[in-house]
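Novice: Start from the sequences, fold in the hints, and give me the full structure.
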Amino acid sequence: MPAGKIHVAINSDQDIVLARQKGRALAAELGFSAVDATFVATAISELARNIVAYARRGEITLQAVRGSSRQGIVVVASDEGPGISDIGQALRDGFSTSGSLGLGLPGVRRLMDEFEIDSRPGRGTTVTVKKWRQ
Amino acid sequence: MEVPILKQGEFLIATFQADLSDADLENLRRGLVQQVVRFRSRGVIVDVTAMDVMDSFASRTLREIALIIRLRGADTVIVGIQPEVAFAMVQLGMTLEGVATALDLEEGLAYLIEKFKNID
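Taken in order, these protein sequences are the chains called F and C.
Per the numbering used here, residue 502 is the first one in the first sequence, and the count goes up by one each step.
Per the numbering used here, residue -2 is the first one in the second sequence, and the count goes up by one each step.
Hint data in this document are derived by calculation from the structure and do not stem from the laboratory.
Do not rely on the hints blindly, as some may be mistaken.
[What the hints assert, rightly or not] Chain C stretches covered by chain F per the calculated footprint, using a threshold of three residues with CB under 8 angstroms from any CB of chain F: (1) 13 to 26; (2) 41 to 54; (3) 66 to 78; (4) 103 to 112.
[As the list claims (entries may be wrong)] Which stretches of chain F does chain C cover? Using the computed rule of at least three CB atoms under 8 angstroms from a CB of chain C, they are: (5) 517 to 523; (6) 543 to 549; (7) 619 to 631.
[What the hints assert, rightly or not] From chain F, some residues computed to sit far from chain C (all C-beta separations above 12 angstroms): (8) A510; (9) D514; (10) A556; (11) Q572; (12) P583.
Since this is a predicted model, take the numbers as computed values, not measurements.
Using N, Cα and C, we set each Cβ at its ideal position, and we do this for glycine too.
Specialist: Written out as structure tokens, the structure is:
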């Protein structure tokens, strides 16, 4: 299992591409199927996009994890942006405040196996998602 | 990033590469629409075979390309969406509704030819 965390600073649309490439590479290294590797890469793309759209800068970290009987990937997207005042609303399909999004978080939740969000208005947002190898 | 755009009679064929940034996609949209105007094209095939991720921005941009080109009186068909990409797009909620799609370049061309046969 690859050790350590991979950090990708997210400041621009180019970094969105870089983050999802690294996520796909890690998924491939861990033996994820093509579909699951694509799910991971797509989820990372959406999370990185949220950072650029709402917080302008932040970070994506990727890490291999071992559960009791399986391997997986943890993706953490964190920023110190404006935060989300109504998380329930942000998790509903069709909700957007940036004008360019609206399907991000519910879609990410469907693509991944586990989803956690911690956000405080004025302090920032951290989204943690996991995908287990089938 | 330059997108290869091939003129084939009254149709254009645009081949999208992997790893396109948002800025690349916006340039492609602009470039493609300019070419449609310049060549008075009646149909456009957008080949996305090489794209291994289609997130909300890419899906939305593709849909916009098709809608803009439709307003020009031309038709767009998206070809080559990979099966795992299609799977992820549906999970994400991006279904390219109202946009024609086909399996590959050959079927895309067949679709456009069939479509314009009836008009001529």
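Novice: Evaluate each hint against the coordinates.
Specialist: We went through each hint and held it up to the structure:
1. 13 to 26: holds (count 5)
2. 41 to 54: Contact hint for the stretch 41 to 54 of chain C vs chain F: holds, 6 residues under 8 angstroms.
3. 66 to 78: violated (count 0)
4. 103 to 112: Not satisfied, violated; 0 residues make the cut.
5. 517 to 523: Contact hint for the stretch 517 to 523 of chain F vs chain C: holds, 4 residues under 8 angstroms.
6. 543 to 549: holds (count 3)
7. 619 to 631: Check failed, 0 qualifying residues.
8. A510: holds, 15 angstroms
9. D514: violated, 4 angstroms
10. A556: holds, 16 angstroms
11. Q572: Answer for Q572 of chain F: holds, closest chain C Cβ roughly 19 angstroms.
12. P583: holds, 20 angstroms
Checked against the numbered hints listed earlier, the structure breaks hints 3, 4, 7, 9; every other hint is satisfied.
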